[in-house]
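Input sequences plus hints: build the corresponding full structure.
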Amino acid sequence: MESDKIVSKIILAVEGKDEKNFFEALLKHMGIEGCEINDVGGKDQFSNKLPALKKKTTNFKGVQFLGIIRDAEESAENTFRSVINILQTLKFPTPDKMNQFTSPEKGTPAVGIYIMPGNADSGMLEDLCLMLAKDHHACQCVERFIDGCAEALQQPPKNIPKAKAQAYLAIMPDIVNSVGLGAQRGYWNFGSDELDGLRGFLGNLKKT
Amino acid sequence: MLNNITIDNFRAIKHIEIDDFRRINLFVGKNNCGKTSILEGLYLLAAPTKPDILLDMIWQRELHKVSDNLSFFLHNLDITTNIEIRGEVLSLSELRNLIIIPKTSIKFFEQNNDYPEVSNALVGFVFDYRMEKEQKYYNTESYIYKNDKGIIVKHADTVADPIDKGKFYVRFFASNSDLNSMVGAFDRIQVRKLTGRLIKVLKKIEPSIESLVNVGNVIYCDVGLNKLIPLGVMGDGVIRIFSIVAMIVDSRGEKGAGGIALIDEIEKGLHYSALRDLWDAVYEIAKEFDVQVFATTHSMECIQALAESYSARNTEDDEIRMYRIERENGIFDVIDYNNNLIMASLDSNWEMR
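Residue numbers (our numbering), protein chains in the order written: chain A, 1 to 208; chain B, 1 to 353.
A few of these clues could be false.
Said to hold, decoys possible - Result set (DSSO-like, lysine-lysine): computed pairs, CA atoms no more than 27 Å apart in a straight line:
| id | chain 1 | residue 1 | chain 2 | residue 2 |
| --- | --- | --- | --- | --- |
| 1 | A | 9 | B | 30 |
| 2 | B | 30 | A | 54 |
| 3 | A | 54 | B | 14 |
| 4 | B | 133 | B | 50 |
| 5 | B | 146 | B | 103 |
| 6 | B | 50 | B | 146 |
| 7 | A | 20 | A | 61 |
| 8 | B | 14 | B | 103 |
| 9 | B | 167 | B | 133 |
| 10 | A | 43 | A | 158 |
| 11 | A | 17 | A | 158 |
| 12 | B | 30 | A | 61 |
| 13 | B | 50 | A | 61 |
Said to hold, decoys possible - So these bits of chain A aren't anywhere near chain B, every CB distance computed over 12 Å:
| id | residue |
| --- | --- |
| 14 | 26 |
| 15 | 63 |
| 16 | 80 |
| 17 | 96 |
| 18 | 107 |
| 19 | 153 |
| 20 | 160 |
| 21 | 197 |
Hints are computed from structural coordinates only; laboratory data are not their basis. Built from N, CA and C at the ideal position, the CB exists for glycine as well.
Shown next, in the form of C-alpha cells:
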C-alpha cells in the first residue's frame, strides 16, 4: 500500500503498469523530476479510477499539472472527447485541443490530455515505440517477419503493432516482455524526432 | 436517516460539513483527525433534546472523575462561543439546528441558588433546539448543569409533536465497550422477541450457537454442550460481532425517524478474516431494521471488507459511503468515496485513509 501523503505537484495519469514504466524512463531521460505517475487503467476502468485518483490526492490539492495519457485505440478524437466528458463531470478545467495543457487562467491544476501515439488518428504506445525504433536495422527485420507471418497465417495476430514490438524486444541483448521495461533498458530511441510531440507536451511539466 | 451534518465549535472542530450520508457510513483518517468527535456530533444531532448524552460521552472518554469535564466539549475551551450542530432529515422534511450555549452562572439555571461561583467557569449548557419542518418552526430547550449536588439535567415540560415524532433511537458503541455493556441491549432484544434474528446472524460466524439467554446479567449461549456457557468464553470474533449486531438491533426504532448506530473503531479486536462476516452481518441487520450506521476505523482491511461485502451483493443501490477526514492547521477537509471509488482505489493499491 502506497503511503505517500505528500502529494506531488505534478501528476501523470497513464493507462497501465507498462505505461508507467515507459514514462518513468522517458521523464528521467528528459530530466523532469518530481512527477508522480499513476496507473488509472484502460478505457473500462478510467471513469472510476480518475475520480478515485482525485480522492486520493484530496481533490488535487496543491497539484499544478495533471497530464493524462491515453491510447487513441480506434479514434484519437473519440478518446479525447470521452476524457473531456469525464473531466467535466469532475469539474476540472478542460483543454481545447489534444496534446496541450489548459492555460493558467482556467485554474489549477493545469490539465493536458495526450493521445498516443501522438501524430496518428489511431494506435497506442506500441505504435509510438515502433516509430522510435524504425531506423534500427533489427526493427526492419522484425517488420518483414511479422508482416510475412500475418499474410501466411490463417489466424494472424490481432494486434500487429504489439506483435512487432514484442518481436523487437525478443531480439534485444536482455529480453524483456513489455515496451515499458524496454524503455527502462534504453531499447527505444528517445532522441528520435517522432517524440517531438510528446516531448513538447511533457516539457510543460515543470514545477513553478 | 440523517442526510448531512455541519458542526461548528465542537471539541477540536472549528467547522466541518459532511454531505450525502447513506445507510452505512465509515469515517477514516489519522489519529486525532476528529472521527470520534464527528460521531459525538451525530449523536447530538440525532438526540438534540437530550443533554444527558453529554454524560455518556464523558464516560466513554473516561473523564467522569475530572471536575470541569463539561468544558472539554467547547472548541479551544472557549466559554464565550456556542456549539452549533445542524443537519437535515429529508425523509421527515426536517432541518435541525442545535445550539449548545455555555453558561457561567448557576443563577441562570437556579435563581435561588447561592452556590459560590467561580467567575468565568463553565456551569452548564442550554440545548436550544430549533427545527424547521414544512415551512413551520418548532423549538425546545433543555439544560444540563452542575450544582453543589452534582449534574442536573432538565428537559422541557412539553415538546412540540413534530419534535417528539422525529426522535431517533440512537446507540453509541464506544471503542472501549465490552460485553457487560451489552446486557441491557440484549434484554431489550429479548423483550422485543428479536433474539431469534440475532442468533440467525451469529450462526453464520459460529454455527454451533443454538440460543442465547441472560442469566443473572451474564449472557449465556447454548452450543450443544451439556450446559450453557457464557458468551464471553467464545472467541473475540463472536463476542465483538455479537456486541455490534446486538447494538444495531437495539437501535431499531419504532415508526418514525428510525434508528442510528454509532460505532467507534468497529474493527477493534477482530482478525482480518472476520471483517467480511462483520460487514455482511452489519449490512443485513441495518437494512432489515432500518438502522443507519456510522462507524470509524483505522484498518485498510476493514475498508476492503466493507467494499467487498457490498460489491458481492451486486446491487444497483448506492448505500455505502466512506469519508476520509483530513485536518491541517485547524482546517477540516472531507473526502468522500462511494463503493465504486473504494474498489477502484483498492485495485490500484492507493491509500484511502
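Structure-based check of each hint:
no.: 1; hint: A:9 with B:30; in the structure: 22 Å, holds
no.: 2; hint: B:30 with A:54; in the structure: 19 Å, holds
no.: 3; hint: A:54 with B:14; in the structure: 25 Å, holds
no.: 4; hint: B:133 with B:50; in the structure: 20 Å, holds
no.: 5; hint: B:146 with B:103; in the structure: 11 Å, holds
no.: 6; hint: B:50 with B:146; in the structure: 16 Å, holds
no.: 7; hint: A:20 with A:61; in the structure: 22 Å, holds
no.: 8; hint: B:14 with B:103; in the structure: 20 Å, holds
no.: 9; hint: B:167 with B:133; in the structure: 14 Å, holds
no.: 10; hint: A:43 with A:158; in the structure: 18 Å, holds
no.: 11; hint: A:17 with A:158; in the structure: 21 Å, holds
no.: 12; hint: B:30 with A:61; in the structure: 18 Å, holds
no.: 13; hint: B:50 with A:61; in the structure: 40 Å, violated
no.: 14; hint: 26; in the structure: 21 Å, holds
no.: 15; hint: 63; in the structure: 14 Å, holds
no.: 16; hint: 80; in the structure: 22 Å, holds
no.: 17; hint: 96; in the structure: 28 Å, holds
no.: 18; hint: 107; in the structure: 18 Å, holds
no.: 19; hint: 153; in the structure: 35 Å, holds
no.: 20; hint: 160; in the structure: 30 Å, holds
no.: 21; hint: 197; in the structure: 28 Å, holds
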